[in-house]
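Peer 1: Letter by letter, the chains look like this.
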Amino acid sequence: MQSSSFNLSQIQHFIFSYGFYILLFCLVILFGFISNDFLSISNWTQISIAACFLLAASAGLTLVLITGNIDLSIGSIAYLAATAVYLTADYHPLVSIMVAILVGISFGLFNGFLVAYLKMNSLLTTLALMIAYRGLALVITGGSMHYIGKPLASFGSVKFFSNSLPLIFLTSLFLMIFLQIVLKKTRFGTYCYAVGNNETAATRIGIPVRRVKALAFVISGICAAISGLLLSMYLGEITTFTGRGMEFQAVAAVVIGGTSLFGGRGSVLPGTMAGVLLLIIINNGLGTRGVSPYIYPFVAGALIFIAIYLDSIKNRYMIKK
Amino acid sequence: MTINKQKLEMLNITKNFPGVEALNDVSIVANSGEIMGLVGVNGAGKSTLMNVLGGIYPSDSGKIILNNNHIQLQSPNDAAKNGISFIHQDLLYFASQTVAENIYMTDLPKNDLLPFFISKSKIIEKSSQVLDMLGSDINPNSLIEELSTGEKQIVEIARALATGSDIVIFDEPTSSLSIKEKEKLFKVVRKLKSENKIIVYISHFLNEIQELCDTYVVLRNGRLVGSGNVADESKNNIIRMIIGRDLTASKNIFKETSNETILEINNLVQGNLLQGIDLTLNKGEVLGLWGLMGSGRTELIRTMLGLDPMESGEIYLYQDSKTKKISPKQLLKQCGYVTESRRIDGLFISEPVWKNITSGNLNHYSRGRLNLMNSNAEMQSAQDHIEQLKIKTPSYSTSIENLSGGNQQKAIFSRWLDKKPKILILDEPTRGVDVGAKQEIGSLITELARDGASILLVSSEIEEIVSLSNRVLVLRDGVIVHEASGEGINEVNLMSVALGKEQ
Chain W
20 MQSSSFNLSQ
30 IQHFIFSYGF
40 YILLFCLVIL
50 FGFISNDFLS
60 ISNWTQISIA
70 ACFLLAASAG
80 LTLVLITGNI
90 DLSIGSIAYL
100 AATAVYLTAD
110 YHPLVSIMVA
120 ILVGISFGLF
130 NGFLVAYLKM
140 NSLLTTLALM
150 IAYRGLALVI
160 TGGSMHYIGK
170 PLASFGSVKF
180 FSNSLPLIFL
190 TSLFLMIFLQ
200 IVLKKTRFGT
210 YCYAVGNNET
220 AATRIGIPVR
230 RVKALAFVIS
240 GICAAISGLL
250 LSMYLGEITT
260 FTGRGMEFQA
270 VAAVVIGGTS
280 LFGGRGSVLP
290 GTMAGVLLLI
300 IINNGLGTRG
310 VSPYIYPFVA
320 GALIFIAIYL
330 DSIKNRYMIK
340 K
Chain G
49 MTINKQKLEM
59 LNITKNFPGV
69 EALNDVSIVA
79 NSGEIMGLVG
89 VNGAGKSTLM
99 NVLGGIYPSD
109 SGKIILNNNH
119 IQLQSPNDAA
129 KNGISFIHQD
139 LLYFASQTVA
149 ENIYMTDLPK
159 NDLLPFFISK
169 SKIIEKSSQV
179 LDMLGSDINP
189 NSLIEELSTG
199 EKQIVEIARA
209 LATGSDIVIF
219 DEPTSSLSIK
229 EKEKLFKVVR
239 KLKSENKIIV
249 YISHFLNEIQ
259 ELCDTYVVLR
269 NGRLVGSGNV
279 ADESKNNIIR
289 MIIGRDLTAS
299 KNIFKETSNE
309 TILEINNLVQ
319 GNLLQGIDLT
329 LNKGEVLGLW
339 GLMGSGRTEL
349 IRTMLGLDPM
359 ESGEIYLYQD
369 SKTKKISPKQ
379 LLKQCGYVTE
389 SRRIDGLFIS
399 EPVWKNITSG
409 NLNHYSRGRL
419 NLMNSNAEMQ
429 SAQDHIEQLK
439 IKTPSYSTSI
449 ENLSGGNQQK
459 AIFSRWLDKK
469 PKILILDEPT
479 RGVDVGAKQE
489 IGSLITELAR
499 DGASILLVSS
509 EIEEIVSLSN
519 RVLVLRDGVI
529 VHEASGEGIN
539 EVNLMSVALG
549 KEQ
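In order, the protein sequences belong to chains W and G. Every letter in the first sequence is one number past the one before it in this note's numbering, and letter 128, counting from 1, is 147. Every letter in the second sequence is one number past the one before it in this note's numbering, and letter 462, counting from 1, is 510.
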């Protein structure tokens, strides 16, 4: 039986593993042909700016998904971090950055405590906290727009290489590289995969499962805070829209990038990076072509659907083996 | 490597579960460099004894002494600290990670240059050493999900070795292995022996014990009934110890049945679990399917009914004097099927009794184009069944979870009585029911067969098989090794064949 379906399963395996990279590549070629502006440097600078907020948030979320949980509170944590930046606008920029990251750590830790130690369901817990955190930030900001002050905002527009490579994108890129190394080269990273693969086995052979899960949430919180920080730096202001809906885009990007909703498999680089770029490039490509912006949610939704469908097939196929 | 001899003693171990005396004053001694075979039928106490050693259940009384030190085993962690590894039937592995990571998961080697980093090259190197020591050629870089079951098992043994275990317990390790994999496993176990480990090997297959083990311990009903060197004892004597003398109480009342075949299965194959099963079921007979755990009883049922994928095989149904080839799924529709574990896949546990009874035959109670349910008719028929089978329930609208196990089982039977299928498949029909209900269900089965239903009966209770069956097929390692009828249906014969006695 194995020999007869060998070729087929190899093709399946190839599609499961590389399908979305091929799709991404084809899209770039396609948009390059049908739009004159798409392949210009200034457009790619635009793409990198549009992507960097989602890249940062999705990078941390990837770790949570690998451990077999989900974090829907990241958009709200981003808003809270941006709020902290606004509250500390009068101090040195470094203070604002530190406080924002501290916000990420604290709320991430709280998420992790509830899910890992109190064994609450991560989907529902972080869904409730998504609403609660946003409410908290709304109370602080009074629901209105605020400027965050000159010094920090000026960082948001720094670009290198003759104004083509934005600092905020570089920040996200470094964050992703860092997390990919953590996943593949450290003990914690190895434990993340182990917990997501088989929690019972991980517990039985003595992996500190609760600590691993909680730490994944803390990292996700930090990444969300960095995302909020970058967003406020870039816009120079915070609004009630900061981070809204980011959690769903991030989940979509991570899953499109091949990280399993069932835990145990996935990567930040290239996986999540490709997922984010796919979403952003479709948006940008349709935009440069002058297509109605209302088609975007439909296309993105279809993609997410395909990604999740593939994930479930992949999972079934792995179990059968 | 330690050269000095190690010694494990478990003295006067007693363990009670509510209502069951699982172990009564059992003492065993195991030495390093020896493989001890632990044998007995299901429920004899083998697994309980090893779960005590694995720290899974603490014993009620008794001592465990390792190298003259009294050790306390309250959790699997305690066991691990004392160098005891338990290779369970359900393996513990991390599918998407490499063999090397799986082996050294709890002891990932550090990189010399970079703090916090682990050294992949060192993990690979150390794992290949362990795998070499076991004489295995598994590539430490491959992912676990690419391996076969047997190879996964070897990885788990390698993990036990890597964590420095001195005592390795195997619980029925060959139940899902092919013959080739079995040989590989035996090689690895012998290698462990030459490394001077203490090895306990649980099995109910005597062939394996004879081939592999140095000493044997036989348990029956939670008591030690025999131990010694394998070489000094004949197989038949060990079989006698396993079975005991308190047998042959129940008698088979042999009845003639028709030779009219209703169902024929040819060459059913599913992996290593079922290796070409042929069987025929005649009209109005009770066909017993007997074998020890892991022999493929339940797998056979699940495969022929399409609940597990069938690799090859043919099913023929004789109906209205015509032969029809059908698929497993179609067979499922034609049959009544009482499943092995009623709480998991038998009952709709929070629904009332009447819905549970009529749920197998809803077409009969629905009307019109919209298939609206006629609940009154359902309840009426449920009430009839409750009276007919004397199901003890306050009313037909009581939630079924409030009924006793025996009455729940009778409700499931009435579900199929309501549908009146020609073929009835019963997997452990009296598991977890009291003695009275057991008898009632027994006579119900006989009655149904007399009325012309063909019944395939699977049971792990030999008395049940002997007293109810007209014919018995004995399964061992996924093969039907014996067909008994008439005088041949007796406990000693069936048990000996299942344990591996040559014909």
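Hints listed in this document are in silico derivations from the structure and should not be mistaken for laboratory results. Note that this is a predicted model, so its numbers are computed, not measured. Hints should not be assumed to be uniformly reliable.
[As the list claims (entries may be wrong)] Below, computed lysine to aspartate or glutamate pairings styled on DMTMM-like, alpha-carbon distance capped at 25 Å:
#1 G/K200 with G/E220
#2 W/K203 with G/D356
#3 G/K168 with W/E218
#4 W/K333 with G/E312
#5 W/K204 with G/E194
#6 W/K204 with G/E193
#7 W/K333 with G/D356
#8 G/K403 with G/E449
#9 G/K370 with G/E449
[Claimed, not checked] Short, incomplete list of chain G residues facing chain W, as computed with Cβ under 8 Å:
#10 F142
#11 M153
#12 T154
#13 L156
#14 S423
[Unchecked claim] Covered stretches of chain W, as calculated for chain G (at least 3 residues, CB under 8 Å):
#15 193-207
#16 215-228
Built from N, CA and C at the ideal position, the CB exists for glycine as well.
Peer 1: All hints are to be evaluated individually against the structure, with a verdict given for each.
Peer 2: To see whether the hints hold, each was checked on the structure:
The hinted pair formed by G/K200 and G/E220 meets the criterion: a straight-line CA distance of about 15 Å does not exceed 25 Å. Restraint check: the Cα-Cα separation between W/K203 and G/D356 comes to about 37 Å, which exceeds 25 Å; the hinted pair is violated. Between G/K168 and W/E218, the direct Cα distance comes to roughly 23 Å. Compliance with the 25 Å bound is thereby established for this hinted pair. The hinted pair formed by W/K333 and G/E312 fails the criterion: a straight-line CA distance of about 37 Å is larger than 25 Å.
The suggested pairing of W/K204 with G/E194 holds, with an alpha-carbon distance near 22 Å, which does not exceed 25 Å. Restraint check: the Cα-Cα separation between W/K204 and G/E193 comes to about 21 Å, which is no more than 25 Å; the hinted pair holds. Of the supplied pair hints, the one linking W/K333 and G/D356 holds, its CA atoms being roughly 19 Å apart against a limit of 25 Å. Distance check on the hinted pair: G/K403 and G/E449 sit about 13 Å apart at the alpha-carbon level, within 25 Å; holds.
In summary, the hint linking G/K370 to G/E449 is not supported, as the alpha carbons are separated by about 43 Å, beyond the 25 Å threshold. Using the Cβ-Cβ criterion of 8 Å, the hint placing G/F142 at the interface with chain W is satisfied: the shortest such distance is roughly 4 Å. For G/M153, the interface hint holds, the least distance from its beta-carbon to any beta-carbon of chain W being 6 Å, beneath 8 Å. Hint status for G/T154: holds, given a least beta-carbon distance of 5 Å to chain W, under 8 Å.
Evaluation of the G/L156 hint against chain W yields a held restraint, the C-beta minimum of about 5 Å falling below 8 Å. For G/S423, the shortest C-beta to C-beta distance to chain W is roughly 35 Å, which exceeds 8 Å, and the interface hint is violated. Residues of the region 193-207 of chain W with a Cβ under 8 Å from some Cβ of chain G number 3, which satisfies the need for three, so the listed coverage holds. Residues of the region 215-228 of chain W with a Cβ under 8 Å from some Cβ of chain G number 9, which satisfies the need for three, so the listed coverage holds.
Figure legend: structure checked against the earlier numbered hints; hints not met, in rising order: 2, 4, 9, 14.
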